[in-house]
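Trainee: Could you put the whole structure together from the sequences, leaning on the hints where they help?
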Amino acid sequence: MESIGELLGFHHPDEMREFFRKKSKKMTSKLTDLKQAVSLVKEGDYISIGGFGTVRIPTAFINELLRAKKKNLIAACFTSNVDTDLLAAGKTFNKADASYIISFEALGAPKVLKKYFESGSIQLTEWSNGAMGWRYKAAAMGLSYLPVRSMLGTDTQKYSAAKEVTCPFTGMKYLAVPALYPDVAVIHVHAADIYGNSYIRGVLVADVDIAKASKKVIITTEKIVPTEFFRDNPQNTTIPFYQVDAVVVTPYGSYPCNMPYEYFMDVDHLREFLKAAEDEKTFQEYLDKNIYNCNDFYEYLDNCGGIRRLEYLKDLESQIIIEGGLR
Amino acid sequence: MESIGELLGFHHPDEMREFFRKKSKKMTSKLTDLKQAVSLVKEGDYISIGGFGTVRIPTAFINELLRAKKKNLIAACFTSNVDTDLLAAGKTFNKADASYIISFEALGAPKVLKKYFESGSIQLTEWSNGAMGWRYKAAAMGLSYLPVRSMLGTDTQKYSAAKEVTCPFTGMKYLAVPALYPDVAVIHVHAADIYGNSYIRGVLVADVDIAKASKKVIITTEKIVPTEFFRDNPQNTTIPFYQVDAVVVTPYGSYPCNMPYEYFMDVDHLREFLKAAEDEKTFQEYLDKNIYNCNDFYEYLDNCGGIRRLEYLKDLESQIIIEGGLR
Amino acid sequence: MNTYNDIELMICVASRIFEDGASVSVGTGIPCAAVMLAQKLYAPNILITFEAGAVAPVLPAMPISVGDSTTMHKALQTGSTCDQMEMIQRGLIDYCFLGGAQIDAYGNINSTVIGDYKKPKVRFPGSGGANDFASMAWRIVMVVPHSIRRFTNKIDFITTPGYLTGPGAREQAGLPPNTGPYKIITNLAVMGFDEETKRMTLESIHPGVSIDDIKNNTGFELIIKQTPKQTEPPTQEELRILREEVDPFKAVIERKAE
Amino acid sequence: MNTYNDIELMICVASRIFEDGASVSVGTGIPCAAVMLAQKLYAPNILITFEAGAVAPVLPAMPISVGDSTTMHKALQTGSTCDQMEMIQRGLIDYCFLGGAQIDAYGNINSTVIGDYKKPKVRFPGSGGANDFASMAWRIVMVVPHSIRRFTNKIDFITTPGYLTGPGAREQAGLPPNTGPYKIITNLAVMGFDEETKRMTLESIHPGVSIDDIKNNTGFELIIKQTPKQTEPPTQEELRILREEVDPFKAVIERKAE
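Chains as they are written, first to last, in this note's numbering: chain A, 3 to 329; chain B, 3 to 329; chain C, -11 to 246; chain D, -11 to 246.
By construction, these hints were calculated from the structure, which means they are not laboratory data.
Just so you know, even glycine gets a beta-carbon here, dropped at the ideal spot from N, CA and C.
Some hints here could point you the wrong way.
[To be verified] These stretches of chain D come out as covered by chain A in the derived footprint (C-beta under 8 Å, 3 or more residues):
1. 33 to 43
2. 57 to 65
3. 77 to 91
4. 187 to 193
Mentor: The following block contains the structure:
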């Protein structure tokens, strides 16, 4: 089967080798603020967001990106709910690799954005979650493709940009998924040092590979820790400093999403988002109130109930992950 | 370039899928002793040993394997020093994949074993360390091969069993390294529970992939810990229970090698091994004294200075990894 | 006699298909409830995995996302999506659980678009992990409400492979052998697949449902080899554990089956 | 005038080639001593990696194995061999450091066998990580004693690629462009490679060594474009730090150069 989707985010490994050769491996401070970090995203860039669905999404960064009115990006819509939907709400991208879009999983789907995707104004290339994970992994390994056994025989294959290959040892047919080398990745983490060494607790999704694959890596972090946190236990280093370009401290930076071991998602607020997204007008009001008319992320947090609400979500998280049940 | 080495340890992924489908995923106790664990190794089996060089080698297991007079195995000689050399000393294998053999790195090489490898009585297929690591990784991913950019254009390629392939996206030439699915793997770990959940601290070498790739996995462990050690912090699970067939408690089970964070290698004893290996007679005496005439591993440890020596090696390890220098 | 709604019925029936020691890739909602119920009643050693990376958690509550903190509670691993997909590719996962907007007689699933791909009438989320699961897990189980709109002769987009065009088609496409759709559980019946033709067959009818009800809600010809069995209705114990222990907050069982 | 032995000379000269911020894959022995010396004197931001998995350690002593505990002291990562090899494959490693039993004019290295492969006169360890390093790192540095036995016109086995058969050969074999042998440091001289022919060239001669000494110890024709420079001898500071801080137990610097 020939695929007809546009190949996005692909580079020749030799071109990427030259890029990574020049990228500094010095351990220098990368501390900056959200505005500066957002300015690293350029017109036409392929952008990848870490996390999964409603979990560990760098919301603070994405809100700032919307305020900066970034346009014409190419997005990876991979296992994505809140990140994709916010990026779509800001009409920041017009092409995307899509493996999962629009829906907030068990909570429902924002109708306005569903309509936006149905309008044909975003050009999509289809993939499965596994294929997207493997595309990052191919890049992380320094390869141009990986052979996999998924997507074969389906329209998902047809509307992708994958190609069939044959195993030289067995004659088996494989699908070759092309490497995905994003221009910029944004990953929210539990802790980082000023050099970019970063710690993620809980599921990793594709973030280790995304950080290896991307030209620029922006880390938003719940807190800054000393480098000794990593040197005393190297297993804490989920992402090493030499891959990182910017470190931004964003406490509660994934709200209203779930930051595992820190705070649970704000289900009520996500439902408010979904309800607002039932029509264009209320959705625009939601966006104005929570993003465009806010000077920064703290204003949004205050809108949503401030410290009282955040402490409630922290308590909820304790109940789930420590006590193992809701009180 | 066509390669002329024999392809060892390869299976069709579909055959392995059927095998892994039938392997039990129940959380049942796998606790056993060295004799029982050694009996899992069958005539003609392809055997892989975890660790690296003189580091985290499951010596207690290998010594027992020698006492059991196992023969006609196929061995993975990958980044291997003490493990390969002990297996060779027992003449346990007659075919091997070789990426690094004989030498104890900075300490020298056992002459008798060098002669044994020069005699032509072991049939080798050549690889690089990277290629062997990727062969395990291919199997761990459920694939029959991985494309890589190493070994190309050399006699290492010629005497391997790799094949050249072309990237369907770029036209680049790659070397396809075939999956390596061992019949049995033996990995020494810092801690395990009775179900086989295992924790390795420090460098992982290829052990995570070896455990995924192998039909049977034997874990030897410094100690048993409760399952809560893993459930309270899933990042401690280096190897999960459903890959493991046997768990054997072998305190100091890597002596005279280095168990990171526990005890340093016994350089004097390794030098004694090298000195004994200068001729056949003294080497046979060394093997008789330390392996064949020992009833178990504790007798070997006693030969080497017992608890006093082990405490010295633990202190040495503290100096290196905690104090960061020798007193 | 017990009373129960369609969702409860589907969950209870689905919970019975797992042998003890089976491994399963789970999504949120009905699949998760069914697996939790199975673990408590029929398959205490069931190995639960989530595509965001969690393996073998002790689930304290129904997850909202397959990556949320509930999936990590007392888990034995919290790895990556590729780790999970490769576990499936290696052949370690017995069952996966899927939904979908359209299903055809070969068990092919559409969760991408209704209408033309480039300018669709309705856009759905797309594959997510479904295509991977259905390509590489041994057995595909679907749990979906039964309607003529959903059970259709020609689906608009094959997001996720069933038996594709019939016998041998999966193997020819390059998918691993001996895999494919296994059971479809709806609010009306349990369906399986015919060995020879790979088309959907009726296996058992839920209490109070007639064959005509099923035919009227199925847009293709369903193979009916003999008088189908009647589905064993939810037992009192299943319902009690489902309501009290699996979903005490009624997050799933009081949702409407769309 | 400072006195020093051949090993100290090679280490001091090798330590000078790294720019600050360079990344390097290191083996045990001389390479490690050179990199430790460089870090203390010339390149404080050098990024040190080991193929067993350790990245950026604060080395407390000379490692005996590239996987031993010294390589993990205050390291920032302790991962896998594939992690390290893929870091090199992605193009992140500037320098690798190799030895070898035989080297030819194109910098190809033999560390596998002398004589016939099937029944060799001498068997060496084989590639280890050397082939991977030399295939994919940007620059290959070799530090080896100089002898006519080692610097030979035709090596018995190409374990590890130099420029293979000359210009364009690496690219034709499929190796990444702009990679290859960079410097060879011996107890007699520093050699480089000619841009055009990819053959070994003489760059500088160590103090007290004549061109004839070098010719007599080299089994192929070395390109000598002009009167070669004299190597700057080890400085007092280099020797002091090497002896007192890098290798205080004389693990490397009092070994004989074989």
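Trainee: Confirm or reject each hint.
Mentor: Structure-based check of each hint:
With a threshold of 8 Å between beta carbons, the proposed coverage of the segment 33 to 43 of chain D by chain A holds, since 4 of its residues qualify and at least three are required. Judged by the Cβ-Cβ criterion of 8 Å, the segment 57 to 65 of chain D is covered by chain A as claimed, because 5 of its residues qualify and three suffice. With a cut-off of 8 Å between beta carbons, the segment 77 to 91 of chain D has 5 residues touching chain A; three or more are needed, and the interface restraint holds. For a cut-off of 8 Å, the count of residues in the segment 187 to 193 of chain D with a CB near a CB of chain A stands at 0, and the three-residue condition is violated.
Hint compliance for this structure: hint 4 alone is broken.
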